[in-house]
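Protein chains in written order, with the numbering used here: chain A, 1 to 512; chain B, 1 to 114.
Just so you know, the hints here were simulated from the structure itself, not pulled from any lab data.
Some hints here could point you the wrong way.
As the list claims (entries may be wrong) - These stretches of chain A come out as covered by chain B in the derived footprint (C-beta under 8 angstroms, 3 or more residues):
#, segment
1, 161 to 167
2, 172 to 178
3, 258 to 271
In this text, a Cβ means the ideal position worked out from N, Cα and C, and glycines have one as well.
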Amino acid sequence: MNQHLIILPILLPMVGALALLLMGKASFATHRRISVSLTAALVAVSLLLLSHAASGELTFYSLGNWQAPFGIVLMLDRLSALMLMLTAVLALGCILFASAGDDTKGSNFHGLFQLQLVGLNGAFLTGDLFNLFVFFEILLLASYALLMHGGGKARVGAGLHYVILNVAGSALFLIALGVLYGATGTLNMADMARRVATMSGDQAALVTAGALMLVVVFSLKAALLPLYFWLPRTYSAAPAPVAALFAIMTKVGLYAILRVQTMIFVDSPAAGGITAWLWWSGLATIVLAAVGVLAARDMRPLIAYLVLVSVGTLLAGAALGTTAATTALLYYLPHTTLICGALFLIAEMIGQQRGKAGTRLVRARRLHQRHLLGGLFLVAAVAVAGLPPLAGALGKLLLMQAAEGSERLWLWPLLLLAGLCALIAMSRAGSVFFWASYKGEVTAGKISRPQLIGVLWLLASAPLLVIFGGPVSAYTQATAEQLANPQEPIRQLLGDDPTQQIVLIQDTGESP
Amino acid sequence: MEALFSLVVGVLSASGLYLLLRGRTFPVIVGLALLGYAVNLFLFSMGGLNTHAAAVIGESISPTDPLPQALVLTAIVIGFAMTAFVVILAIRARSELGSDHVDGQQGEEGDVGR
Chain A
1 MNQHLIILPI LLPMVGALAL LLMGKASFAT HRRISVSLTA ALVAVSLLLL SHAASGELTF
61 YSLGNWQAPF GIVLMLDRLS ALMLMLTAVL ALGCILFASA GDDTKGSNFH GLFQLQLVGL
121 NGAFLTGDLF NLFVFFEILL LASYALLMHG GGKARVGAGL HYVILNVAGS ALFLIALGVL
181 YGATGTLNMA DMARRVATMS GDQAALVTAG ALMLVVVFSL KAALLPLYFW LPRTYSAAPA
241 PVAALFAIMT KVGLYAILRV QTMIFVDSPA AGGITAWLWW SGLATIVLAA VGVLAARDMR
301 PLIAYLVLVS VGTLLAGAAL GTTAATTALL YYLPHTTLIC GALFLIAEMI GQQRGKAGTR
361 LVRARRLHQR HLLGGLFLVA AVAVAGLPPL AGALGKLLLM QAAEGSERLW LWPLLLLAGL
421 CALIAMSRAG SVFFWASYKG EVTAGKISRP QLIGVLWLLA SAPLLVIFGG PVSAYTQATA
481 EQLANPQEPI RQLLGDDPTQ QIVLIQDTGE SP
Chain B
1 MEALFSLVVG VLSASGLYLL LRGRTFPVIV GLALLGYAVN LFLFSMGGLN THAAAVIGES
61 ISPTDPLPQA LVLTAIVIGF AMTAFVVILA IRARSELGSD HVDGQQGEEG DVGR
């Protein structure tokens, strides 16, 4: 593998975004062609990186050849390769769907979309906490603009909340970084992990405070209770392809939590606090999201609450902390992300054919292509509710097997009941959409081909993840084992001898 | 100096937080800006405060940590961009929703921050 391949997932969309933004006058067809081919290239690059990471080898890339811990490094392990792949696959589905006409409703859709991919890929690759903040800001700024794409009252209102919350969250992120830097004197994740392990007294207390603040920030991004209230409104207001892409955004928070939890704070006093917070808020998120799923009167908030169910499930799984639990949650993660993305797109297609009623769960005119849409909806509903034979069932089963003792007592009923709630809500929505319709003429046009291809591309993940269940779960198990051994990246990046590092200036505390 | 510095950061973040919880967009934006200043000052101090040290190695016997200055520069740039974006968004929301309330409607009890 070429050693520079690892930076390509950041450079490719960045150059693409610049090109797309600069050639604003070119026709939409050109924009679409460039954007789709860039995203397809991203899938290919991610596949190469995934196959490279599957060998278990860790790859580091020092930007500007500044050596860690002083320079910024990119780090590719199995987890980041998996997340890159997932982003690329989801993005390709969304961009195909958007190419059917959603991108013409505002300006610069494709450029912003590529910028969002820069932020996502960068956040998954970086090995430096401050750099993580910068990539978070890139992806957030792009997401603010994408959310507002097309304009309208609902989007501006939801966008205002979303932006203010995230700006406040960024402030908290910086405070956490400042505290951690003050206590450890480094921002490189591996270096920080090494220093945190040997900390005691006041420094350890500071590290705990910083760690918990970081987890609060990441929980805000992941939409964990009590920080999830922005999500249903934002996601249901966003344009469909953007909402589908946002399905990965909550997983960025989850990824960051997994990363700091397994790498930096694994031995620190903060670990217990993080686990307890994740466990109970994860479970409470499942409960409240399941209630939201049942209460939703519109398809879009319903899907947004389903995203929340998956967030709660994944974070409760992260709190279990065992290798088996991490294996299970990493298997469940791609499935739920792609299916929730596909559901947003299917809801949009249904809404397009129902005239004024849109995606509201009310009696409306007959759908033009109800057999095709019904089939797609059925597959997505079965997958998202976690019924066999699709991958959701397998993921939940793995997760339930991973729980032990009293954890089982909490996780099993909540997970199964949430699945039941999803099933009830989806059957109700399906019967309203496809059966409770007025007789008469259908007026809406047919679904365009790119839309259908985009949805099928995402939906294909559900059967594929079952058919290739063996290799995929073997990969996620290897990932979990790699995460359980954080000493390896630290040793590979910084060498065996901790004394060879220059100690940063410590004696600056006194003021004259 | 530490006492004064921490007092300033504390007052800034407390006022920022208070304004952030108001009901109208303008105080919220001012709150975000104040919080941003507090965070930047805090970042500036995270390597330790030192009055007689340059951040250039070789210019003084005990140089101060240069990294916080680099970080604070990045944070300021990002913070400005975000504040500018929120201001424009608030103006847009005012014109689209017909109200400068954060929720987009004139609440009976939510009528605060006047």
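Next item on the list: Tell me, in ascending order, the numbers of any earlier hints that this structure violates.
Entry: 3
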